Amino acid sequence: MLFEKIEFEEDENVILTVRKHWFVITAELITALMFAFLPFLILIFLSALPEFVPLNIDFGTYSSLIVYASAAWILLTLLSTFMIWTHFYLDLWVITDHRIIVIDQIHFFNRKVSSFRLERLQDIKVSINGIIPTFLNYGTLRAQTASAAESNFMTVGLPDPRGIQSVIQKATDERLRSLQGTLQTEPD
Amino acid sequence: MEQDFSNASVAISMKTALMFGFYIMSAAYIIFTIVMYYHWNEYSVDARVTSITLITYAVTTIPLIATLGIIALSF
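Those protein sequences? They're chains Z and V, same order as listed.
Here the first sequence stands for residues 1 to 188, numbered as in full-length UniProt numbering.
Here the second sequence stands for residues 1 to 75, numbered as in full-length UniProt numbering.
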């Protein structure tokens, strides 16, 4: 499991784990599953054709071929559906009281795991664009660190991005306070 | 001397075509299953969700691959 592989520090606690909004995955899954019904729709369409359309197909004769083709098609759409679900579930932000870990499952063989410490966080931006994201409260979160320009992290479709932003800001403030306290108590 | 293949044709039986399709689908299915199992086993954060996903995957896809095999073998 993933959390066993991430080497957390001794006093590090996970505050929040965030995945994309349910609407994002639901829309993708419904689109993929609609393709599964395509063979049935074609069969219904062909059987509903009026008699004057010259279509001399005896479905009884080709029943096993139709079942074979339909099964192959449904299998392919199911595999793509599970791929979408896997990408959704394994794509996440882990916010701890020390750092933020961004896991981006782009493809099956393209996985990006980035981590940055809260004290290096410079800016965190939220953008919510569109009617559905506004009503359902999901959007894009961008985090910019004090490192190089490529150390910017961005994920689209996160639920309650302003809430996540406030959790990160609070955790960053706490972290900076605790680090300042540690520096002040250290002997000269 | 060049031979003219412009009117040549290759005929394969329907059973051979179905068996070929079944082998291709089976190979793709096995590779996909291994990759998917690896990802869920390595990167998931919740054992319960992993179990539900993998069980649902098996329950929904195995009957379909079995259907392909049965039709290809019995055609």
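Derived from the structure by calculation, the hints contain no laboratory data.
None of these values were measured; they are calculated from a predicted model.
Every residue gets a Cβ at the ideal spot worked out from N, C-alpha and C, and that includes glycine.
Where hints are given, some of them may not hold.
To be verified - What follows is a set of in silico ranges between Cβ atoms, one per label pair, in the way DEER data are often shown:
id: 1; chain 1: Z; residue 1: 106; chain 2: V; residue 2: 3; range: 48 to 58 Å
id: 2; chain 1: V; residue 1: 59; chain 2: Z; residue 2: 128; range: 49 to 59 Å
id: 3; chain 1: V; residue 1: 20; chain 2: Z; residue 2: 34; range: 51 to 61 Å
id: 4; chain 1: Z; residue 1: 13; chain 2: V; residue 2: 20; range: 47 to 57 Å
id: 5; chain 1: Z; residue 1: 27; chain 2: V; residue 2: 55; range: 48 to 58 Å
id: 6; chain 1: V; residue 1: 41; chain 2: Z; residue 2: 27; range: 26 to 36 Å
id: 7; chain 1: V; residue 1: 42; chain 2: Z; residue 2: 60; range: 45 to 55 Å
id: 8; chain 1: V; residue 1: 24; chain 2: Z; residue 2: 176; range: 53 to 63 Å
id: 9; chain 1: Z; residue 1: 132; chain 2: V; residue 2: 41; range: 32 to 42 Å
id: 10; chain 1: Z; residue 1: 43; chain 2: V; residue 2: 7; range: 15 to 25 Å
Claimed, not checked - Examples of chain V residues toward chain Z, derived with CB under 7 Å:
id: 11; residue: 52
id: 12; residue: 57
id: 13; residue: 61
id: 14; residue: 68
Legend entry - Range hint 53 to 63 Å (beta carbons of residue 24/V and residue 176/Z) holds or violated: 58 Å, holds
Legend entry - Cβ distance range 32 to 42 Å for residue 132/Z and residue 41/V, holds or violated: Because 34 Å falls inside the window, the suggested range holds.
Inset, instruction - Verify the interface restraint on residue 52/V: the C-beta must sit less than 7 Å from at least one C-beta of chain Z. - result: 11 Å, violated
Legend entry - Outcome for the supplied range 48 to 58 Å, where the beta carbon pair is residue 106/Z and residue 3/V: With a Cβ separation near 50 Å, residue 106/Z and residue 3/V satisfy 48 to 58 Å, so the hint holds.
Legend entry - Restraint outcome when residue 68/V is required to lie within 7 Å of chain Z by C-beta distance: 5 Å, holds
Inset, instruction - Double-check residue 57/V for me: the hint is only fine if its C-beta lies closer than 7 Å to a C-beta in chain Z. - result: 6 Å, holds
Inset, instruction - Given the range 15 to 25 Å, decide if the beta-carbon distance of residue 43/Z to residue 7/V lies inside it. - result: 36 Å, violated
Legend entry - Cβ separation of residue 59/V and residue 128/Z, checked against the hinted range 49 to 59 Å: Given about 38 Å between the Cβ atoms, the range is violated.
Inset, instruction - Report holds or violated for the interface hint on residue 61/V, using the least CB-CB distance to chain Z and a cut-off of 7 Å. - result: Since the shortest Cβ distance to chain Z is 6 Å, the answer is holds.
Inset, instruction - Indicate whether the distance between the beta carbons of residue 20/V and residue 34/Z respects the range 51 to 61 Å. - result: 29 Å, violated
Inset, instruction - Go ahead and decide if the range 45 to 55 Å is satisfied by the Cβ distance of residue 42/V to residue 60/Z. - result: At roughly 48 Å between Cβ atoms, residue 60/Z and residue 42/V fall inside 45 to 55 Å, so the hint holds.
Legend entry - Whether the CB-CB distance between residue 41/V and residue 27/Z falls inside 26 to 36 Å: With a Cβ separation near 28 Å, residue 41/V and residue 27/Z satisfy 26 to 36 Å, so the hint holds.
Checked against the numbered hints given earlier, this structure breaks hints 2, 3, 5, 10 and 11; the rest are met.
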